[in-house]
Structures are given as C-alpha cells and as structure tokens.
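Residue numbers (the working numbering), protein chains in the order written: chain L, 5 to 332; chain G, 5 to 332.
Simulated from the structure, these hints should not be mistaken for laboratory data. Treat the hints with caution; some may be incorrect.
Treat identical chains as interchangeable: a pair holds within one or across any two.
[Said to hold, decoys possible] Below, a list of computed lysine-lysine pairs in the DSSO-like style, where the Cα atoms sit at most 27 Å apart:
| hint | residue 1 | residue 2 |
| --- | --- | --- |
| 1 | Lys145 | Lys30 |
| 2 | Lys30 | Lys158 |
| 3 | Lys33 | Lys145 |
| 4 | Lys268 | Lys107 |
| 5 | Lys39 | Lys309 |
| 6 | Lys39 | Lys294 |
Protein chains: 2
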Amino acid sequence: MNPESFSFLYERERKKVEKILVEAFKDRKPDSLYKPVKYILSTGGKRLRPLLVIFSTKAVGGNFSVVYNASVAVELLHNFTLVHDDIMDNADKRRGMLTLHKKYDDSTAILAGDGLLSVAYEYLLKDCNGKTKEVISAFTKGLIEVCEGQSLDKDFETTDNVTIDKYKLMIMKKTAAMFEMCCTVGALLGGGSPKEIKAVSLFGKNIGIAFQIQDDLLDISGDEKKFGKKVGGDLIEGKKTFLFIKALSKAKGNDKKKLIKVIKNNGIKPQKVNMYKHLYEKLGVIENAKAEIKFYTNRALRSLKTLKKEDDKEIFSWLANSLIKRIK
Amino acid sequence: MNPESFSFLYERERKKVEKILVEAFKDRKPDSLYKPVKYILSTGGKRLRPLLVIFSTKAVGGNFSVVYNASVAVELLHNFTLVHDDIMDNADKRRGMLTLHKKYDDSTAILAGDGLLSVAYEYLLKDCNGKTKEVISAFTKGLIEVCEGQSLDKDFETTDNVTIDKYKLMIMKKTAAMFEMCCTVGALLGGGSPKEIKAVSLFGKNIGIAFQIQDDLLDISGDEKKFGKKVGGDLIEGKKTFLFIKALSKAKGNDKKKLIKVIKNNGIKPQKVNMYKHLYEKLGVIENAKAEIKFYTNRALRSLKTLKKEDDKEIFSWLANSLIKRIK
Numbered sequence: 005m006n007p008e009s010f011s012f013l014y015e016r017e018r019k020k021v022e023k024i025l026v027e028a029f030k031d032r033k034p035d036s037l038y039k040p041v042k043y044i045l046s047t048g049g050k051r052l053r054p055l056l057v058i059f060s061t062k063a064v065g066g067n068f069s070v071v072y073n074a075s076v077a078v079e080l081l082h083n084f085t086l087v088h089d090d091i092m093d094n095a096d097k098r099r100g101m102l103t104l105h106k107k108y109d110d111s112t113a114i115l116a117g118d119g120l121l122s123v124a125y126e127y128l129l130k131d132c133n134g135k136t137k138e139v140i141s142a143f144t145k146g147l148i149e150v151c152e153g154q155s156l157d158k159d160f161e162t163t164d165n166v167t168i169d170k171y172k173l174m175i176m177k178k179t180a181a182m183f184e185m186c187c188t189v190g191a192l193l194g195g196g197s198p199k200e201i202k203a204v205s206l207f208g209k210n211i212g213i214a215f216q217i218q219d220d221l222l223d224i225s226g227d228e229k230k231f232g233k234k235v236g237g238d239l240i241e242g243k244k245t246f247l248f249i250k251a252l253s254k255a256k257g258n259d260k261k262k263l264i265k266v267i268k269n270n271g272i273k274p275q276k277v278n279m280y281k282h283l284y285e286k287l288g289v290i291e292n293a294k295a296e297i298k299f300y301t302n303r304a305l306r307s308l309k310t311l312k313k314e315d316d317k318e319i320f321s322w323l324a325n326s327l328i329k330r331i332k
Numbered sequence: 005m006n007p008e009s010f011s012f013l014y015e016r017e018r019k020k021v022e023k024i025l026v027e028a029f030k031d032r033k034p035d036s037l038y039k040p041v042k043y044i045l046s047t048g049g050k051r052l053r054p055l056l057v058i059f060s061t062k063a064v065g066g067n068f069s070v071v072y073n074a075s076v077a078v079e080l081l082h083n084f085t086l087v088h089d090d091i092m093d094n095a096d097k098r099r100g101m102l103t104l105h106k107k108y109d110d111s112t113a114i115l116a117g118d119g120l121l122s123v124a125y126e127y128l129l130k131d132c133n134g135k136t137k138e139v140i141s142a143f144t145k146g147l148i149e150v151c152e153g154q155s156l157d158k159d160f161e162t163t164d165n166v167t168i169d170k171y172k173l174m175i176m177k178k179t180a181a182m183f184e185m186c187c188t189v190g191a192l193l194g195g196g197s198p199k200e201i202k203a204v205s206l207f208g209k210n211i212g213i214a215f216q217i218q219d220d221l222l223d224i225s226g227d228e229k230k231f232g233k234k235v236g237g238d239l240i241e242g243k244k245t246f247l248f249i250k251a252l253s254k255a256k257g258n259d260k261k262k263l264i265k266v267i268k269n270n271g272i273k274p275q276k277v278n279m280y281k282h283l284y285e286k287l288g289v290i291e292n293a294k295a296e297i298k299f300y301t302n303r304a305l306r307s308l309k310t311l312k313k314e315d316d317k318e319i320f321s322w323l324a325n326s327l328i329k330r331i332k
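Isolated chain L, as found in the complex (with noise of 0.2 Å):
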C-alpha cells in the first residue's frame, strides 16, 4: 500500500470513530452534564488513540468492525484527562479553542469528565465480547498509570532537580501507558496471540513516549495556528519539559543561570520566548530530542518483527512517520 492508501483509511476509519462519538451522547440526559461532554468532543483532535486500538487489531488479523465501540472508549477515557488535566493546569484552550472549565466552570468540567470516564467503560463493554476480564484490566492499568503520571508531572512543578529519568517515568505514566493500552486492547479483541499482544503493545508503550517528547518539541518549533496552542506555552509556564530538563543538565554559567530562573520564576514573560528557542538551539537540546524521538520510534518499529504481514507492519510504519512528520 501506498502512504495515500493509509492516510485515506485513517481518515475513512476516524470518519466512523467520530460517528459513534456522536451517537454516544445524542439522547442523554441531563443537559447540563451532556452538554458539555459534547461541546468536549466537538472540539476534534486527531483521535489517534482510537485508530491505535483499530490498526492494532488489524495487525493480529482481526475485523475493523469489532473494536469501534472500544476505540470511542479510549477517546472518551483521552478526553477526560483532557478535561480534567485542563482544570488543574488553569489552560485557557485546547484544540485552538476554550477549555470546558473556561467555557463552563470547573464544577462542570470535573462532572463532564467523570462523566466521560463513565460512558468509557460503557462502551468498552460493548466490545468485550468473552475476553472482558482482560480488555478492562488492560483499560483499568491503562487509566491507573495516567492518575499517577498526572501527578507526577504536577509534582515537577514543585521540583527542582527533575532528571531525564524521572521526566521519562512520567511520560511513560502519563502518555505511552495509554498508548500502550490502546494497542493491547486492540490486540486482544482482534485474538492475537500472546506474543502478538506483546509486540503490538510495546509497539504502543514506545511509539508513546516518542509521540511525548515530539509534543515538546512542538511546544517550541511549531506554528501557532497550526498546533492549536500558544507556541512556547511550556516555557511561559515554567513546564519541565524533555527539552528544559535536558538544557539544564547542558548549560553552563550564563545559560544555566536563564534556566535557572525560570524554574524561580515559575516561567517566562511571552517576549522572552524567542531567546530561549535560541538558547535551546545552541545548546542542541533541539537536535538531542529529535534523536530521541528517532530512538523511540525505531525501538517501536523493531517489536514488529514477529508480526506476519508485511501490510500490518506497513501501517504501523506509516502512522510513526506521520506522527514524527505531525506539526499539531
């Protein structure tokens, strides 16, 4: 297959995804939790997370029609940390558009995301099928790592002397868990096999982390209309990043000093972005994260090996190049 065939079905199959998110919440009620659930999932994103849990279940040669129930599960599980996330980080928008405590209130947008979480589990009942002891122990790990990887990233704010490897357990928690859930559940509807569960799932754990720190670096290297939200937003907000952290160990004299005060200042004033990508630059912390990502994404790509078709392998390969390619 071409890379014009993938992206078509991406699009085809996130067309559907989409569909059910729709329909999920159409004759709820009360309004003033639904309301707001809805206004959440109108915002879009990519619904990459739903298309992991699809392609996964591909690869091991199951059907596309028996995980789309599950699929909405994890973008509806994705969107109330979201929602929650949101509300304790103060964020104004996501998606270039309010956040659901700023368009609402935070007494709304806490209801709005267990609301979320709830149908989540709804709708991955619906997909269990005889195997619903592992899918919801998979989701349920899944969900577990996020709350504390949560955490831990709010813990950073607090902390000084965040090391690469504790940045890396945090991200593992708190994005590649979930991607690694997604897979897994994927897999596992799809009837894979043991080994093809684990290959497939470590394929999500890595690609993951690699997805992480791309969002960091996009944070800093990508356009403001185009990713949605305001370009070194991370830095205006003092956020340990892979590419703060890995400065910091770097710099010396002088440019420690900057980085230095950005931890005391909890952040920069928005002018003083620009200087501190260029800081970034000559430090190389911008290349050091691009090579990790590669790392990453390779290290995703090698626990292919044991998947038979060559097509399955294929759009995985795909979807790591796009994410790596992403500009949002």
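Position chain G relative to chain L; hints supplied.
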C-alpha cells in the same frame, strides 16, 4: 438471630473491609496521589455500601469471602463521589474533618477522586470471576447514574420550581442507584438466581431512597457532634431537600414568603435555622418525611419475599431499621 448478633456481624465485617481499604493503598506511589486518597479513607464513615454488597451475597446463599474486594470497590466509588461533590459544593467538612480539597487543594482532590475510581475498578475485577461482564456493567451503570444524579442536584441550585417528582428522580440517580448497584453486585457474585438478584436489587433501590430522605431529615433534626456536619447546613446553603420542597408546596401566605426568601437569597443565616425548623414542624413536613422513609423502607422489605431463608430477610430488616434509627 438477635439484634446484638447483627451489630456484631456488621462490625466484624466492617473491620475486614477497613483492613482491605488500608492495604489497597499501602504500597502505591506517588504519594502526591495516594496520600490524599488515604486521608479521605481514614476519615471513616459507616461503610454501609460495602456491607450492602456483603449482606446481598449472603442473602442469596453466597459466602462473605467472595466479595471483599468488590465491597471495597463500591466504597472507593462512594468516596470518589464524595471528594468530587465536595469540591463542587465547596464543602468545608465531611465526617467531622476537613474535606479533601480544603486540606489540600482542588487539583489534588480532582486527581484523588479519579484515582479512587480507577482503583475501584481494579478491586472490582479481582472478585468478578466468571461474571465480569454483568458485574462491571452493573457497576458502570451505577456510576453513570451517580454522575447524572449529581448533575440534576446541581441543576436544582438554579431551578426555582423543583417538584417532589423531580427530587425523587434526582435521589434515585444520585443515591438509590448506587445502593441498588451494591446489592446487584453482591447478589450476582453470590450466585443468586435472576429472581433473587432482582429482589435484592429492589431492596437496595428502595432503601436508598429512604436513606436519602433520612439524610435530609437528619440535617435539620440531627445532633451536630454526632452528625459530623453543621445542623441546618442544607438550609444555610439553600439546598432543595425533601423537607424544603414539601414545605414550599404546603405553605401559604407569610410562611410561603419565608421559604421563597431562602431560594432568592441562596440560603439563610445560621441563626435563622431554628426559625425554619419550627416552620417545618408547623407545616408537618418532618412528619411527611418520616412517613416517606417508612413507606420506602417497607417497600424495600416487601421486595425480599422471594428470598428463602428467614435469616437473610432478618439481616436486611435489621439493617433497614438501623438506618431509620441512625443519627449520622
């Protein structure tokens, strides 16, 4: 069995639940997530919902030991709702101690609630055995209803014309659905027949309605020290409880004006609680509430006709009576 034996049984089983609740979070990290979770669990509570699971298992001929993890799961779910509800209600105290978001902050409490819910599913899965789909479905249905009920309750804050019917729908979802779920899960795991499961679930639903009206009643007639919350708190906050809605529907002239004032001012001053208590007495709504509690308690007990063993009915009768006589 005599009432003392039932109290002994309740206490013995409650302690076992308590022990598992502590063990469940002993070795989890990070502390930033699980210390707040342990705090809220350490504030105690009646552990009524886990005991409902345990007694329901017993009532259909099952063994206590097969549902300890499931009973811990419902208590975790219950605490998840308390933690999130307390943020939304901006409540200061719970069980006589600081609420989680007051002891820490909103973000910590949001995440602790999420963590409680996640681990609830983990614990539920431990006991599911061959009934994972039914049990997880019942639990998830209960969870969704709790979210919807909380949303309806929040709607009441800005609705002037709340009727007793709307109130009952709200408590059916916010409180009774969870009681029903506890009984369903217990009866399912205890190996009950469909008829038995139905009977025990109906007991839970109706006792849940009685429990919530009793809660509204305790708010005005309870002893502050034993109740753990400020007496008249619902009036102070302008909550539309059974008593308030009933009073508003019965009052005329000056009495009605006084009640409308509560709505207009979003509550009353603490020193006016006694005046409103006398008004409730004058209008007979305290007696109305007591009659309603009796009605639903009797309905709950009647649903148990299909249970074979007298002992099993007795334990539920004792529980129902304890709930009516409770002071907190």
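Here's how the hints hold up against the structure:
no.: 1; hint: Lys145 with Lys30; verdict: between (29 Å within a copy, 17 Å between copies)
no.: 2; hint: Lys30 with Lys158; verdict: between (35 Å within a copy, 21 Å between copies)
no.: 3; hint: Lys33 with Lys145; verdict: between (30 Å within a copy, 14 Å between copies)
no.: 4; hint: Lys268 with Lys107; verdict: between (31 Å within a copy, 26 Å between copies)
no.: 5; hint: Lys39 with Lys309; verdict: neither (45 Å within a copy, 42 Å between copies)
no.: 6; hint: Lys39 with Lys294; verdict: neither (40 Å within a copy, 37 Å between copies)
Violation of the numbered hints given earlier is confined to hints 5, 6; the remaining hints are satisfied by the structure.
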